[in-house]
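Residue numbers (the working numbering), protein chains in the order written: chain A, 1 to 535; chain B, 1 to 310; chain C, 1 to 323.
Quick caveat, the hints were computed from the structure, so don't treat them as lab data.
Be careful, since some hints might not be right.
[Claimed, not checked] Computed cross-link-like contacts, DSBU-like style, restricted to lysine-lysine with a CA-CA straight-line distance of at most 30 Å:
id, chain 1, residue 1, chain 2, residue 2
1, A, 266, A, 236
2, A, 404, B, 158
3, A, 203, C, 182
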Amino acid sequence: MSATFKANNPFGESILKRIIYPALILAVTTSAHAATLKWAGTTDPQTMDPHAVISTPVLGFLNNIYEGLVRRGKDMAIESALATSWEPIGEGKGWRFHLREGVIFHNGATFDADDVVFSYQRASAESADTKGWFAPISEVKKVDAYTVDFLTKAPNPLFPDSIANWMIMDADWAKSVGAVTPNKDEGNAATLNANGTGAYQLKKRQPGLETTLAKHNDWWGEDIGNITEATFTPIKNPATAVAALLAGNVDMINPVPIQDAARLEKNTQIKVFKGIEARVIMLGFAQQADVLKYGLDQGKPNPFLNVKVREAVAKSISVPAILRTIMRGNAQPASQLVSPAMRGFSSVNSDRPDFDVKGAKELLAEAGYPNGFSFGLKCPNDRYLNDEAVCQAVTAMLAKVGIKAELDAMPVRSYWPELRQDNFDMYLLGWSPGTFDHEHPIRFLASTPNPEKKLGSWNFGDYSNARIDELLPMIQAEIDDNKRQEMLDEVTDIYQDEYAYVPLYIHPLVWGTRSNVTLTQRPDNFFILRWASIN
Amino acid sequence: MLKIRLSNRLSTMLQSDFIWHLSRSPIAIISLLVVLLLVFSAVFAPWIAPFNPYDPASLDLMNGFTPPITANDFTSQTFLLGSDDQGRDVLSTILYGMRISLFVGFVAVLFAMVLGVSLGLIAGYLGGWVDTLIMRIADVQLTFPSILVAMLIFGIAKGITPVEYRDQMAIWVLIIAIGLSDWVQFARVVRGATLVEKNREYVLAAQLIGQPTPIIMLRHILPNVLSSVLVIATISLALAIIAEATLSFLGVGAPPTQPSLGTLIRIGQGFMFSGEWWILLFPACTLLALALSVNLLGDWLRDTLNPKLR
Amino acid sequence: MFNYILKRIAQSGLVLLVVGFVAFSMFRFVGDPIDNMLGQERTQEDVERLRGELGLDLSFPVQYGRFLMDAIQGDFGVSYRQGRPVADIMAERAPATLELAAVSATLAISIGIVLGVFTAIRRDGWIASLIMTTSLIGVSLPTFLIGIVLIYVFSVHLGWFPSFGRGDVVQLGFWTTGFLTKSGLLALILPSITLGLYQMTLIMRLVRSEMLEVLRQDYVRFARARGLSERVVNFRHALKNTLVPVITVTGLQLGSIIAFAIITESVFQWPGLGLLFINAIQFVDIPVMAAYLMLISVMFVTINLMVDLLYVFIDPRLRKGGL
């Protein structure tokens, strides 16, 4: 019987031995090393283009696909990435970066200085959100295939620290797909596709639905866990996300809704990672607009031009109540544009305005608004933890002193364009300093907007103070820490006295994972896949 | 004289078949009572609600997440059914929310009824191209489920209205959307009945003595189709209430500053797992009780008014 | 009969034209299309160029014609929210909704008819009363509430089924199916029950009332008098006649399943057309709204047409003409 079978079998030996057994063995061994991670969050990264939008969901996600000359380690310190070393040129003339050799892009191309120069041009283009990072740069020169010089207009000791999120793209690829400049409104090939040098490559992108990453086998680095494939799914509804984590449909969620954190911590199948993000949540005002744009007092003179009104707003909000009820004790109050953990935090100015309803009403009366006024408050509803709830609470608190806010909460994708077009009277903003330094928000939020100098690009309210503008370049060039801190203290004093913004609290970080997941949580809320493992 | 007339009418009514049937069905009595109770508490909400949840100045965030009956450990405030995430009293919010749900429901059905009955009468009585036109429009609309039509109308309205009016307009847009999506069944039934009644002798008689068409339609034909209209209206009311709750739950209905029952359930869903069960449970039960009672009433009405099943 | 069929087809065409008109008006009049498509950094040249491309300088009927021609070829423009062609997005999401609708419909029809017949035959039993009461609750419970409760009980507490999404799907050409994977099948169950419950109760009550009606008819009494067994009476005679109106109503309801999917997809984050539509409304993404409207109307009109034609074949009275 078996002899006949062998004779008639065209494969000679049994199929089982030649094909199926080896396949099984291969499958078993690869699956022992392959691990797939599924994670979910409220905000889908809006684009795959690393220079189009600087927002944490985008940059955090792309940090797995693209890399910069430098990057931040687990302790947030700057370490080498695509640049192996760097040194100052002359006496504060600039910085010279030595590039890493043998780096391969996801499409197989090799990395060299041309890509760096191209990426600088792209990232500092008019349509790039990242142009603010290159304000101090006067010129970028290729010295040889693996050396690039960045020349600064003035001595800038912190420049290498400030480009940890600037990602290098392959010049040839970008040109071939027609994505030479970023396009944040209409999008181009770089919006849906990616070609980077990072540990993971983009396997599939379905905006709003799911995005899949796969391990890049030619990655130059070694510091990587056992995740070979990872899928991100945006889940807007927090209850759904928690349910998914509990049911094991996802391995990690970020953020965990505050109200569920305590309960999840008690669950033995779940691990909760809590931390304080570097992000400060604050209210901003329209500071140059003549009239109000929304609400029943639309068209009337803008009360926020008066510092007393802004101070009244600050005094009418009870941050302790927000921290207790909405944040459930997971956040800290904020007094400045950065949190106390950041470099350059002004400890002499660390007090917030007190919650003082009576005082607020008096200030309003002094400013000429004894009966308050009506205006429009704009808020995102899917970006920060409980953002809409905070805005609703702010509305209620302002109503107590007579200021009636008409709340307009919207998805963050429409929110930024609205702010850029000045369609607000007051707005909510969260800022996380990319350099972990106080100078960062001063450059982006407190400097008079200046497109040429790439200053104040996120200062939607157009807050302007000449002394701050004067001090900023001095702060950037100052090497002595004490002198620098003195200047930062003075700047803080100014913007606090003028109530340029009303900082509310420091955003908490709450990640939830299944108990078999290990990962590292960074204060900038970036989820670095290669530091994660499934056991 | 007036007194005697009124009491005559009252006693006539009380002795009518309708009341007799009602008294025989415990389910009908209970559902009627429930509906009346809920409607009553909604209508008089401003007087019986312990708080006004729609006045932002009266809210205190420190009251947030207080469980039912127990006192808030910070403000010592108690809430019978607990408080939600903004410190609003759940009981008051349910009462005020029911106002919106019921208001939208009733007015939408009224709108649909008036529109549908009129068009049905006109189509049935006049016949000809008017009939064809109206029925074709009805057919077109019947192709689409009402919830879709409602959502579409809402979406378009949202695109057209400027931001500051959106909250105020939301309720009216809801009413128009639900009403416009519902008139067809009224029209069809009334048209069918009109076609039947049209050939009866009393109509011919009225025509002979020269009564104008509208009078004939209103005074003679309408009362005879009223019973079917009533049944449809009751069931439509339940559907309208559920439709409004659904739209608000999805975020395309009542605004969060003036939450209806659907919005409350949506808020409550976010806290379903974290232990603040009261924010979801009580509005959900209220909605269920309301819809169920109205449906039971409608069912009973249909059974009672349908002579074939007696 | 031929006349009737022609009339129905013509009517369907008219419906589609009207819907197309509504969709087109949305495009033109709701918000400014140019504003929606170009960003803040647009130049006057960009505006002029886009005006020409969109054909906004042409007359209204011409624009409408172009819109229809594009739509027939499947070109619905580019989504404001995602920046991708709407047709691509819809093609990606359609299989999810269609599979969900198919499973829900099957559940609803099969269980609905069975229960309807049962409660009609045994109308005085306590089981029948129980089923009827539960059905009433089923009709009074909003779909989203059913979904939430099911997730809470079966997904979070018991852990039997996933709480969101489609599970693993297999790509077959342009179709993605969840039927071929275990997680895909499990993921289908809770949403289908949620979606189908309302339809099931409707069908059940309809079948019951129709069957009760039929069972009282004279010919049924005569059949019993002839000595035919209950089973033959119920199933051979009564059921057939019951099913005729049931089929028409059911057919119409099938169309609404696809629309009600919007709610179910919202609660379960089911990546189908419904979730796409609700996101489009919140975002005022007109191209997606218009495309969904057109697509749904084509589906509905087709289903209605088929049901009408089916009716003609089933009901011999119609075949003789004169309707």
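Results for each hint:
Only pairs whose Cα atoms come within 30 Å are accepted, and residue 266 of chain A paired with residue 236 of chain A is accepted, the gap being roughly 24 Å. A C-alpha spacing of about 22 Å is found between residue 404 of chain A and residue 158 of chain B, which places the hinted pair at or below 30 Å, so the restraint holds. Of the supplied pair hints, the one linking residue 203 of chain A and residue 182 of chain C holds, its CA atoms being roughly 23 Å apart against a limit of 30 Å.
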